[in-house]
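Read off the chains here:
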Amino acid sequence: MQMKKKRGADIVVDVLVSEGVDTVFGLPGGAIMEVYDALFDAPFRNVLTRHEQAACHMADGYARATGKVGVVIATSGPGATNLVTGLATAYMDSIPLVAITGQVPRHYIGTDAFQEADVIGITRPITKHNFLVTDIKDLPLILRQAFYIAKTGRPGPVLVDIPKDITQQVSEYRIPTDEEVKESLPGYNPHTEGNPVQIKKAAELIRKATKPVLYVGGGAVLSDAAEEVYKLAKLTNIPVTTTNMGKGAFPENDPLSLHMLGMHGTYYANMAVYNADLLIAIGARFDDRVTGKITEFAPEAKIIHIDIDPASISKTITVDVPIVGDVKTVLKKLIKELESKPVEWIAARESWLKQIQEWKEKHPLTYRKSDKIIKPQAVIEEIYNVTGGDAIISAGVGQHQMWAAMFYKYSYPRQFLNSGGLGTMGFGFPAAVGAKIGRPEKTVFAIEGDGSFIMNVQDLATAVQYRVPVKIAIINNGFLGMVRQWQQFFYDSRYASVCLSVQPDFVKLAESFGAVGLRATKPSEVREVLVKAMEINDRPVLIDFVVDREENVLPMVPAGKSYREMILTPKQKSEAETMYLVG
Amino acid sequence: MQDIKVVKTRPEPEKKIGKHIITVKVQHNFGVLARITGLFAGRGYNIESLTVGRTHEPNIARITIVVEGEERVVEQIIKQLRKLIETLKVRDITDLPHIERELALIKIHTENDRARDEIMRLVNIFRGKVVDVSQESYTVEITGDNDKIEAFIDLIRPFGIKEMARTGTLAMVRESAASKEGVLD
Ligand SMILES: Cc1ncc(C[n+]2csc(CCOP(=O)(O)OP(=O)(O)O)c2C)c(N)n1
Ligand SMILES: [Mg+2]
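Residue numbers (the numbering used here), protein chains in the order written: chain A, 1 to 583; chain B, 1 to 185.
The hints are simulated quantities; they were obtained by calculation from the structure and are not laboratory data. Cβ coordinates follow ideal geometry from the N, Cα and C atoms, glycine included. Treat the hints loosely; a few may be bogus.
So these bits of chain B aren't anywhere near chain A, every CB distance computed over 12 Å [unchecked claim]:
id : residue
1  : Asp3
2  : Ile60
3  : Ile93
4  : Glu111
5  : Ile125
Partial list, computed: chain B residues near chain A (C-beta under 7 Å) [to be verified]:
id : residue
6  : Ile4
7  : Ile17
8  : Gly42
9  : Leu88
10 : Arg91
Please take these sequences and the hints and turn them into a complete structure.
See below:
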């Protein structure tokens, strides 16, 4: 094998090229300058952001939208610590990222050198794995291992910390082969296939069930298994509810869709789960926002759980048939198994689906409409209309996030991006920029809160600089709305530190960055501004939707409570204490 | 919401608390120990003891961890250990026939000749060794399983323990039983 001789920094670029990287996001500084010098000639796009957190969310949004590994680069010390929230966000949602950080030169490590931080120590619990490069000979292998670990098994972020002197050092090197990468990680062997005995057992339970529900999570999206989920649901005629992260794994306009379950799930999804006799969990992890009170979650159901991560299985709830494996692979086998011995699926589901239809009619997903004041839900519905239901939506965290989840109907995987696990305010807009860069053919909307958007507002400059024509819809309620809602419901309407009484003029703010700013204050203007926004395709457009300030997200199952205690309809503020009735 | 009248609950598995001995084979990279201890600390799991050392294989270390906890928590610990990229093998050997050893160094106050005699007697019974002697103390080395060491400590405590260091438990599955049960894969 022929050996080349290069600088560490150039080796980094070479490995990125060999991994098929087409975009990196980041911001330079002393310890990473050599790498930036090499990036200057790199044959891929290098996006300079205005904050490393935004860079991390951009790489994350890029990864979520494309399925590829996102790459983020930062300098040592403060650059690296600014990645922390972004890495934790990606870690919680199992998003494949590779973060490359500069570190002080080796002989300075441990001396409290300028811009030194123990980045390996800090990021250990929020990465799937991390590496400190201590010898340039290891550099190509470590970088390849990082990509391999990030994208295989249960995906996640991997950080590689490279001391500056290694990036400057010149060495002979060669890029290791796939085989060598695998062999170098003897302890890392994700189970993908699924145990055939367990798959048979699962099929038997499905055949016998009379009230089954498919509960589909982000794992189905990550494993690109939407097609298989659809096939399974259609074959067996089983209704499907998805988590926030599972959105798009099953088309929400399909009659079998129950939409989202859990804290802000639909009445009919939660009723179906509560009454189910079989729950088929697919790439979902029984998060507390989904289950509510764990002892009353699907209380009578047998549970099948398909997941690539053995640690996710029986973590919070004991399941009957665990299947460890890649969702797509396992579903293919399960479908085959079911097809080998079909039953009368249509007849078997008749009464169950009829019951579900009744629930759907009794409490559809809805809200009180108004022609005087803009209802946030109406904005989401109108975004759905003007984009023909085809846009990628990226949300911040709060009420607007939940409305974006509930009132836009998702039809394909990787269409709804949001920080489901960590709940990171400030995620939505930069993630939208990353998504638009990765999927330029799609309309990408950031649905943002006035609180959330401000947390990464500086990166409007990045979107303008690289002419990334994302749309930003600010659901401006002048509040940290979700916290206000909880205060209204559970803290006697004591609105402590939630009123955003001073805000920038969002239109002028956008304009000052060189983006377009629009505003709607009346329901009649909503469609108009959206149509206008859709016509602008050479730069970002921000729309400030001034909405009903105290609208609430409903239905709601209060944290840690049973689905029985779901709050369904809005009531007067004074009745806050009696908002929910114990069944 | 008053649609659900009858409260139904999932049967809860009974909570079993017990001591577990977990052996972990890892790639001996730097930072691997921090990864393992961090996993316990970050999740609030309590470690009773943890020992690390090299093995006969190059770059492979073996860790023995003793934890006391609820069944489900211990199961989660084991899964999390397996998830670490650098772990090669994780086993809960609690219920397998195994050998357990710990070494303790104990500096015991020696008040007078009677105390010296009595301590020597106990050391002999426990098949320990006196490894250092001074005017006022014996330093004793003792090995055995946890129970034996605890028993010894209880007996010599009245003399006055000046200092003590323990290695924590090392454990290994017994070959005969292991091969019989086919657990050595
Ligand atoms: C970084 C961060 N800090 C705090 C929170 C807690 N939090 C959750 S929702 C929310 C309010 C969000 O306000 P806004 O973005 O305006 O959205 P709204 O709920 O008003 O739609 C807050 C503060 C969080 N999720 N993330
Ligand atoms: Mg708000």
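Hint-by-hint comparison with the structure:
With a minimum CB-CB distance of about 7 Å to chain A, B/Asp3 fails to clear the 12 Å threshold, and the non-interface call is violated. At the 12 Å boundary, the C-beta of B/Ile60 falls inside the reach of chain A, the nearest C-beta of that chain being 10 Å off. Taking the minimum C-beta to C-beta distance to chain A, about 19 Å, the non-interface status of B/Ile93 holds against the 12 Å cut. Every CB of chain A lies more than 12 Å from the CB of B/Glu111, the least distance being 46 Å, so the non-interface label holds.
Non-interface status of B/Ile125 relative to chain A is upheld: no Cβ of that chain comes within 12 Å, the nearest being about 44 Å off. At about 4 Å, the closest approach between the beta carbon of B/Ile4 and any beta carbon in chain A falls short of 7 Å, and the interface hint on this residue holds. Hint status for B/Ile17: violated, given a least beta-carbon distance of 17 Å to chain A, over 7 Å. This hint holds: B/Gly42 has a C-beta 5 Å from the nearest C-beta of chain A, less than the 7 Å allowed.
The interface hint given for B/Leu88 holds, since its Cβ lies 4 Å from the closest Cβ of chain A, which is under the 7 Å cut-off. Because the beta carbon of B/Arg91 sits about 14 Å from the nearest beta carbon in chain A, more than 7 Å, this interface hint is broken.
Checked against the numbered hints above, the structure violates hints 1, 2, 7 and 10; every other hint is satisfied.
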